[in-house]
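Colleague: Chain by chain, the residues:
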Amino acid sequence: ETGVTQTPRHLVMGMTNKKSLKCEQHLGHNAMYWYKQSAKKPLELMFVYSLEERVENNSVPSRFSPECPNSSHLFLHLHTLQPEDSALYLCASSQVVTALYEQYFGPGTRLTVT
Amino acid sequence: EDKVVQSPLSLVVHEGDTVTLNCSYEVTNFRSLLWYKQEKKAPTFLFMLTSSGIEKKSGRLSSILDKKELFSILNITATQTGDSAIYLCAVEKNTGNQFYFGTGTSLTVIP
Chain A
1 ETGVTQTPRH LVMGMTNKKS LKCEQHLGHN AMYWYKQSAK KPLELMFVYS
51 LEERVENNSV PSRFSPECPN SSHLFLHLHT LQPEDSALYL CASSQVVTAL
101 YEQYFGPGTR LTVT
Chain B
115 EDKVVQSPLS LVVHEGDTVT LNCSYEVTNF RSLLWYKQEK KAPTFLFMLT
165 SSGIEKKSGR LSSILDKKEL FSILNITATQ TGDSAIYLCA VEKNTGNQFY
215 FGTGTSLTVI P
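Protein chains in written order, with this note's numbering: chain A, 1 to 114; chain B, 115 to 225.
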C-alpha cells in the first residue's frame with residue numbers, strides 16, 4: 001500500500017468511550033501531522049511530529065492525545081470527547097517539517113461523537 | 115488576527131460553465147498561497163502562488179495572486195462533473211510552521 005493511510009475511515013463513539021485513530025505513511029517521511037476539519041470551519045493543525053518528537057501542539061484539549069511510536073505511524077487517542085469534536089481528522093506526512101505544499105494528506109477519519 | 119476568507123461558500127453550475135473562486139487573506143509575514151481540491155477524502159494540492167501577477171495553469175484550472183489587494187482567484191473553465199469538490203485556499207507564513215486555511219468553497223457541477 002502506498003501513500004498515507006488512515007483507519008478507521010468512519011468512527012462513531014459515545015462521549016464516555018475511548019478510541020484511537022491510526023495513521024500510517026509508506027513514503028519514508030520523517031514528519032507527521034494531525035489536522036481537524038470541522039463542518040464550515042477552516043482546517044486546523046493540531047499536532048506536528050518530527051522524528052517521533054512532538055514539535056508543535058496548537059492548544060488542543062487534553063482529551064486528544066497523540067502518539068508517534070516511529071516515523072511511519074501516528075495515533076490520536078480519544079477519550080471523553082464532546083459532540084463538537086465531531087469532524088474529519090486528517091493525517092499528513094512530509095519528508096521533514098516543511099512547507100505546506102510538501103505535505104501528503106491521508107483520506108481522513110470521519111468521527112461522530114454522540 | 116490572521117485570517118483567510120473564501121467566497122462563495124458554495125456554488126452550483128452546469129457542465130461547461132466557467133467558475134471563479136475567490137480567496138482573500140489578511141496574514142502577516144506572507145510566504146505563499148496554496149489551493150487544494152478535496153473530494154470527500156484527502157486534499158490534493160493544486161497550486162502554490164508566491165508572486166503577484168504570475169498565472170499558474172494546469173489544464174482547465176488556473177490561478178493568480180494579487181499581493182497588493184491580498185487575494186487570489188481560482189478559475190475553472192469548461193467545468194465537468196468531476197470538478198465537483200471542496201476547493202480550499204491556504205496561506206502560509208514565513209515564520210515557522212504556520213498557515214491558515216479558509217473554510218472552502220463547495221462546487222457542484224451538474225450535467
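In short, the hints are calculated from the structure, not lab data.
In this text, all values refer to a predicted model and were calculated from it rather than measured experimentally.
Careful, some of the hints might be misleading.
Stated by the list, open to error - No more than 25 Å apart at the CA atoms, straight line, and that leaves these computed lysine-lysine pairs for PhoX-like: (1) B:K117 to B:K181; (2) A:K22 to B:K155; (3) B:K207 to A:K19; (4) B:K155 to B:K171; (5) B:K155 to B:K182; (6) A:K22 to B:K181.
Colleague: Each of the hints needs a verdict: does it hold here or not?
Modeller: Evaluated hints:
1. B:K117 to B:K181: 15 Å, holds
2. A:K22 to B:K155: 16 Å, holds
3. B:K207 to A:K19: It is violated: about 34 Å lies between the C-alpha atoms, which goes past 25 Å.
4. B:K155 to B:K171: 23 Å, holds
5. B:K155 to B:K182: Violated. K155 of chain B to K182 of chain B sits at ~34 Å, over the 25 Å cutoff.
6. A:K22 to B:K181: Not OK: K22 of chain A and K181 of chain B at ~39 Å, beyond 25 Å, violated.
Comparing the model with each numbered hint stated earlier shows that hints 3, 5, 6 do not hold.
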